[in-house]
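Participant: Below are the chains, spelled out letter by letter.
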Amino acid sequence: MEIKTDDYSIWYDPESATVFFRGFLRLDGMEEYQPVMNMLLEAIEQSSSLTLNLQDLEFLNSSGISMLSMFVVKVREKGNVQLVLHGSDKILWQTRSLKNLQRLMPGLKLEFS
Amino acid sequence: MTSTSMDQTFGSFFDEIPASDEYLTLNFSPSTAPRKRRWNHYGMSADFLGDYFAAFFPGDAVPDSKINRQDTVKATVSYIANELLENAVKFSDEKVNLPISITLYLYERELIFQVTNYANLTTAEKYQGFIQELLNSDLDEFFTRQLEKTAQGSGESNMGLLTMINDYSARFGWKFQVVTKQPEVLRISVMVHLDV
Numbered sequence: 001m002e003i004k005t006d007d008y009s010i011w012y013d014p015e016s017a018t019v020f021f022r023g024f025l026r027l028d029g030m031e032e033y034q035p036v037m038n039m040l041l042e043a044i045e046q047s048s049s050l051t052l053n054l055q056d057l058e059f060l061n062s063s064g065i066s067m068l069s070m071f072v073v074k075v076r077e078k079g080n081v082q083l084v085l086h087g088s089d090k091i092l093w094q095t096r097s098l099k100n101l102q103r104l105m106p107g108l109k110l111e112f113s
Numbered sequence: 001m002t003s004t005s006m007d008q009t010f011g012s013f014f015d016e017i018p019a020s021d022e023y024l025t026l027n028f029s030p031s032t033a034p035r036k037r038r039w040n041h042y043g044m045s046a047d048f049l050g051d052y053f054a055a056f057f058p059g060d061a062v063p064d065s066k067i068n069r070q071d072t073v074k075a076t077v078s079y080i081a082n083e084l085l086e087n088a089v090k091f092s093d094e095k096v097n098l099p100i101s102i103t104l105y106l107y108e109r110e111l112i113f114q115v116t117n118y119a120n121l122t123t124a125e126k127y128q129g130f131i132q133e134l135l136n137s138d139l140d141e142f143f144t145r146q147l148e149k150t151a152q153g154s155g156e157s158n159m160g161l162l163t164m165i166n167d168y169s170a171r172f173g174w175k176f177q178v179v180t181k182q183p184e185v186l187r188i189s190v191m192v193h194l195d196v
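Line order of the protein sequences matches chains A and B.
The first sequence begins at 1 in this note's numbering and counts up by one.
The second sequence begins at 1 in this note's numbering and counts up by one.
Next comes chain A alone, as it looks inside the complex (with noise of 0.2 Å):
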């Protein structure tokens, strides 16, 4: 599972059950978001747990904050799923709304390196 452009790369390893992120994500709203949700909720499906790598994701606009917290809902609707985000303190929008996410699922774990 893949997606890429010039702007951003999104791929899944499923030997660590980890979606790597990079690049420049500003996608149009939800409806645009719709491929890489679809490849979230796949990976999702395939293991028992799951982190998100957004350590190269550069920006990610508020649609892309809007996908990232329908995920965590749809994670925490599962109920057996642990979810780990893995970012970077080194990228600003990280270290300002990463932290939001566990308002929508407490069990969610953050690390920043």
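No lab work stands behind these hints, which were simulated from the structure alone.
Treat the hints with care, since some could be wrong.
[As the list claims (entries may be wrong)] Covered stretches of chain A, going by a simulated chain B footprint (3 or more residues, C-beta under 8 Å):
{"no.": "1", "region": "16-28"}
{"no.": "2", "region": "60-71"}
{"no.": "3", "region": "91-100"}
[Stated by the list, open to error] Simulated crosslink set (DSSO-like; lysine-lysine; CA at most 30 Å straight-line):
{"no.": "4", "chain 1": "A", "residue 1": "Lys74", "chain 2": "A", "residue 2": "Lys109"}
{"no.": "5", "chain 1": "B", "residue 1": "Lys181", "chain 2": "A", "residue 2": "Lys99"}
{"no.": "6", "chain 1": "A", "residue 1": "Lys109", "chain 2": "B", "residue 2": "Lys66"}
By construction, the Cβ of each residue, glycine as well, lies at the ideal position given by its N, Cα and C atoms.
Starting from the structure of chain A, add chain B where the hints point.
Facilitator: The following block gives chain B in isolation, referenced to the frame of chain A:
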């Protein structure tokens, strides 16, 4: 609703912006180019504004952060300018054929963004309703409620606006003015104050 009652000001909006030595305005002509291409142009412009204004700041350390002052300004301006332009597009009436503009003013301890766009009455009324709800709510509680609403996929949540306020401590003001020659059209000016 009569047109005059749509003329409204909310939050911290100043008609007279304090004099600033450094400012920059970008006007986007109303265009027939595909929305996808224009969307990319807004993103590029937001990044440009981030780079441009960051150059006025030194790269010294910021307490409790691994991101220096210059990079903090760059990322903040880029995020806020991008969200403001995205909102201006969402709230614009393309039939009106009037430009979207963004100006950034630099002060010693503050940045002010001003973005204008033109909307129809229905859109403007809905936007005013949201602003009133926001201003009458406890921010933390309102943010959580809207985030949950978005996450459940139930409709417009304005997370762009809310992340700017909640995550970047941006202070907002809005002015809605009926366009005299086109009473069905409103000019929406959004002013955002940001401490730097």
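Participant: May I ask which of the numbered hints given earlier this structure violates, with the numbers listed in increasing order?
Facilitator: Violated hint (a single one): 5; every other hint is consistent with the structure.
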